[in-house]
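In order, the protein sequences belong to chains E and A.
Counting in the numbering used here, the first sequence runs from 105 upward without gaps.
Counting in the numbering used here, the second sequence runs from 76 upward without gaps.
The reader is advised that the hints may include incorrect statements.
[Claimed, not checked] Residues from chain A shown here face chain E by an in silico Cβ test under 7 Å; the list is partial:
{"no.": "1", "residue": "Gly156"}
{"no.": "2", "residue": "Asn161"}
{"no.": "3", "residue": "Thr225"}
{"no.": "4", "residue": "Met229"}
{"no.": "5", "residue": "Phe232"}
{"no.": "6", "residue": "Gln273"}
{"no.": "7", "residue": "Asp277"}
[Unchecked claim] Cβ pair distances, simulated, as ranges:
{"no.": "8", "chain 1": "E", "residue 1": "Ala286", "chain 2": "A", "residue 2": "Asp333", "range": "39 to 47 Å"}
{"no.": "9", "chain 1": "E", "residue 1": "Glu282", "chain 2": "A", "residue 2": "Tyr593", "range": "26 to 34 Å"}
{"no.": "10", "chain 1": "E", "residue 1": "Ala286", "chain 2": "A", "residue 2": "Gly156", "range": "24 to 32 Å"}
{"no.": "11", "chain 1": "E", "residue 1": "Asn324", "chain 2": "A", "residue 2": "Thr280", "range": "29 to 37 Å"}
Since the hints were made in silico from the structure, they are not lab data.
Each residue gets a CB set at the ideal place from its N, CA and C atoms; glycine is no exception.
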Amino acid sequence: MNPEELLAKIANCVERGKVNKTSPYPPDLKGQDGADELSAQALVEGIAADQVLSLGLVPGMQIVGVKFRENKVFVPEVLMAAKAMSAGMKHLKPYFTSGAVKRKGIFIIGTVMGDLHDIGKNLLGMIVEGAGWQVVDLGIDVPAAKFIAAVDEYPGAYVGLSCLLTTTMLNMEKIVTEMKAARPDTKILIGGAPVTDDFRKRIGADWYSPDPQGAVEFLNKVG
Amino acid sequence: MKGKDLVLHALKGGQCSTIPWVPFVGVHGGHLIGKNANEYLHSADLMVNGISKAIELYEPDGIPVCFDLQIEAEALGCKLGWADENPPAVLSHPLSGLSNISSLNPISPDQGRIPVVLKATRELRKKYPDIALYGLVTGPFTLGLHLLGTEIFMRMFEDPASIHELLDFTSGVTRSMSKYLLDAGCDIIAVVDPMTSQIGPDQFTEFIHKPVKSVFDDIRQQSKYSSFFVCGHAQQNIDVMCKTGPDNISIDENIPLDFVRNICQGYGISFGGNLQLTLVMLMGTPEDCQRNAVDCMDIAGNIGFILAPGCDLPMKTPIANLKAVGSVIRDSYQQDIIRTLEHKPDKTKILNLGEYGKTDRVIVDIITLDSESCAPCQYMVEAVKEVAPHFEGLVEWHEHSIKNLEGVTFMSSLFVKNIPTICIDGKITFVSQIPPRNELIRAIQSRINEKLKIRLRVKQGEILLLGKSSEEIAPLREKTRQAIAELGVTIEVREETDPLIIQSLGVTQTPALVSVKYKIRSEAGQPGTDVIKEWIKEII
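Bound conformation, chain A alone (with noise of 0.2 Å):
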């Protein structure tokens, strides 16, 4: 199961093999696509555009068409100021100062960019039949705080009446809202209504509860499901916002997700979140992306659960981050890596292995999760060991499992990634996919002769052909030639007549010959200087 059927599964409660992946792409669809906020949420072509390259890329099974919390407000009369990489922000609340709320009308589908998400919603649906539309709709409050300014928080004291008609006013406008999206092909609208998240649950039972809930029942009625969005501090709230009878509720990172999961389930409602937005998804590494999605599974469980970032996507979020989320969510072998991977070890740890693979021999070193439980890991392994022996012994092999700490501590020595890999005398050379044979053995006969190459070129000696002239040596230069030859060695021959440099080699008559062997005592140390005296008598 997949896509549409997947999200709906889970957002019914049901248990998946797999978790359903839902990124909130919102102004970030604009990024893709070179494009600003301000002209993608103006046009249903650029959305269009921007959505499908998000599926391309991340392999969703559900994704938001658009995510503005402004449209509604936009379309009621509120001013907009316009970002570049951010959704627009409300300037100016028109009910402000007011008593009454009769000056605003309800919303029609033509009003402000109502119709373009409509538009785009509609050609998205027929694009992408099989994967879930959410539709995103202002939820009463947050509405409700966009038309009235903060005035709200102090009014739902001072003059709570005047709060009940609004929102049972902006309630209608979601309701309304949610309808037409639903008409156009959503299969799921998600309430977002993030500014509940700044009142106490009994404001919200008393506020917040029937606008909302109406707008639930509204859907319901529509054989259409609801996830009720909202992030921020939100965690005393969770209870009540079940209470409203949503499908799901999506939360952010601010609340601990065994929490949201453990008063969810008590009410048979599904949930989703809480991918940390900034940290990771927009700051971190596709590594620290994963690891956070495993994170999320591992403690929602598979059980009516739908991972998704707690919020609307920053508009830059690295492409391979989110990527790398939509690969691991279905990768249940890469997954087991993350969790083995979990506790890495501290730089401290780290091995100086700049030496590694210098020996006569060449080393294959395979990292792996464990042969024996890990399939690929096992077909590695078994690769090379198959074409070791064909190198009689110039080969040798070693796994390391990183289920062992050593093992860990030599992957990140080697700057290894991924799981398995191959690395010949400690360089990164088969990367998760098992090499044919023949590519193994190239790779190896390859650093063999790599080895023997840089072998033959050391200098170990030289010869040196000393006379009073050229001539005076030819002779002995030809006979030097010859002896090479037939040993069939590399040796640099050098010729000297300079008659002072003669004379320093003890030389007395030409011509001659001196030959000269090379003998490296030390390398990258500092010998004490007793043990360079042996050296010394060793040549005078």
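Bound-form chain E, shown alone (with noise of 0.2 Å):
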């Protein structure tokens, strides 16, 4: 296999959530290579860390966000998909540690104060992480004290703000207002079932997507 059709296999791998070869899923992949061995492979054939990431990792990853915006794929698949995209980036993070390979920028996520949700949160990281980000999960119930505290530690990252809650939206916006006085520098993106594009405006937010992949596509754009 020369080393496209070995990333273009690494890319499908991660798309179609193949994790490694004992996966059983998808069933007309069953008993193949999965994103981990393939991972493995193209760094042992000499191609470059940061190509097995931008060639192959992310691109499937990629496919998978437009997908999941476009209603033809739900959470499980993405979740298939992060999956096989993180076995295969296990075989990369020594490159990460050594500086062979770059991040895109670092992203902060959290759920807000109050709200305990985190199936959203938790996609969004998976999916920002597979566009080439480097994610900081500050987990659930996140005060605007402890997002401020993390800006100071990773400076120029961007923040993603997530709820669920209606209720917890209000927390979002004393977020905001307090991230905006305290960093006014810091891009914040918000996201969640409850928040639209109106919210975010009334709150002086910089971004809402209705999916993760929106997202991305903001973060590529500015980062």
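Fit the two chains together into the complex; they arrive one by one in their own frames, and the hints show the way.
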């Protein structure tokens, strides 16, 4: 297999959610190598780590992001793709540490104070990570001070706020106000089931997207 | 028809002259009686008080007893995180990491908070025999997610048999819970399964169809009714949801109501929703809520439709907003007004009426929908028309129909919010109700008197009495008083003894009388210098 074919195969494994050889899903790839084995093989064959990332893993995840936006695939498929992506990524860890592979930037995410729901935030994290960004996940029930501290720790990072509950939208507003007062240059993205672009305008956040892919597009544009 | 009968009629797909109204009061019931979510969701008495208050305030046709999708999960061993303003969230998933689900036992009616909800149901049933009571149960997939965590999504691919087994178990829980609630007195079971919005129709058909259908079949066998509540982006699944055989489908604002209507009607299933929860119900004004309610009713039509918020009402949804929906739903006249006002003029078209009503005559404006077609408007116009001639030309009246853009602009400019309204000299005086003749006369007379007083108070001129001393002025003072009294006017009289001031007025011998007439030349404007010069010439 030449390098192009190998990278295309890695992308396909991520897109289809084929994690490794033993993974039963998808049925038509049963028994074949997954993103795990193929990424390791690519490195062994001398393909640069940053190429494995940018020409193999990331394009696969991008396709999934677009399909998700178009309602062609749903949460289960995205999670499978993310699982395959991370199986490939584990082989790239040493290169990130050494600096041989660079991320596009840092994205800090968290579910806002008072809200304990994490599915939406986790999905966003996986897809943004899959697009080549380093994701710092502050978890759930995160107050403004914790977001501000994280921005100080990762200068230049973008921040994503998630909420599921209608009531915690009001906390989202408070956090955006406090962050904009304390760190006016920080770009804040918001999302979550009850959130809309009208709401974003009202609270002064920088970007709203109804889906993770929209967040990726924004980050890639400004980052 | 109203209350339970109306809800059941709509639920069975019937045509309704009034649309049934079912506010999904959950922890909002706690807000109504000053209790936080934690206290409220642990007490049957508080639930009964909260729902009773909601029934009193919002006049619903149906209402849920309790809106908490964590009750079954808690009974099955999930740890909950409690908040003051929200239902609890599931923090631990007892099946996470386990390969089989045999560690869980079926639920019983005495577990966790189930007895609390059942007690509240029984008491509310007794207290409100004519209101449709909804019993909410957690749908099999959402309960499965509570028990297993997000692994459930990947296991659908990696270990589908275990998910079938899990959902078989959870649908048994949903069936049991439904039976407890029906036995306690609920009329309708709402199977709430929001997490199904996260999967596609193929996965829904493969994993969800059978477990959910078994719940609806079971409810039907008990001769009771069911609704399938799914909030979130579930548009892709409406068709497959219908195939599970509920009596009704209720959705939120993420899904266009006409889309749901078309699909549901194709299956002969009634539908409900989708008042906007956040921007409108929580953050909007009562007018916004009424407009949204009318929009929903217009799109849905009156066959097999139940008006309800998209999901559990946020705790602090303003009471006025919910009351506004409750009132507009039964008031077809108010609905007409909202439809007509839909195209509000933009702000640039608001007239500046600050100077309105300052003429000699009293102006009575009647803002109407249209006095020819709207009865209350007609009576209001007739009342004014009848009374006006009694004031012999002092009163001028106009009707402003908001069916014309001018009427709408005029209405907004006077900040009128209700139709019909009578404004007297630009001031909102009678709102919605037609004033009795005497009251209308009194209001107009009082404005005439007010204007007269203003006129009398206005300083039109003054008399200056000049002399070396008060004694010297005395005879002149007496004659002036008499003259004013004989004329019956009000005019200020000032006395001046300062020789320098007397001199400045051009008077050389005292006692003397100077009359001064004031004339307003300009108000709230900037006349040009040339104009001012002309005025000066008149007084020199």
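### Query
Where does the structure disagree with the numbered hints, that is, which hint numbers, in rising order?
7 and 9
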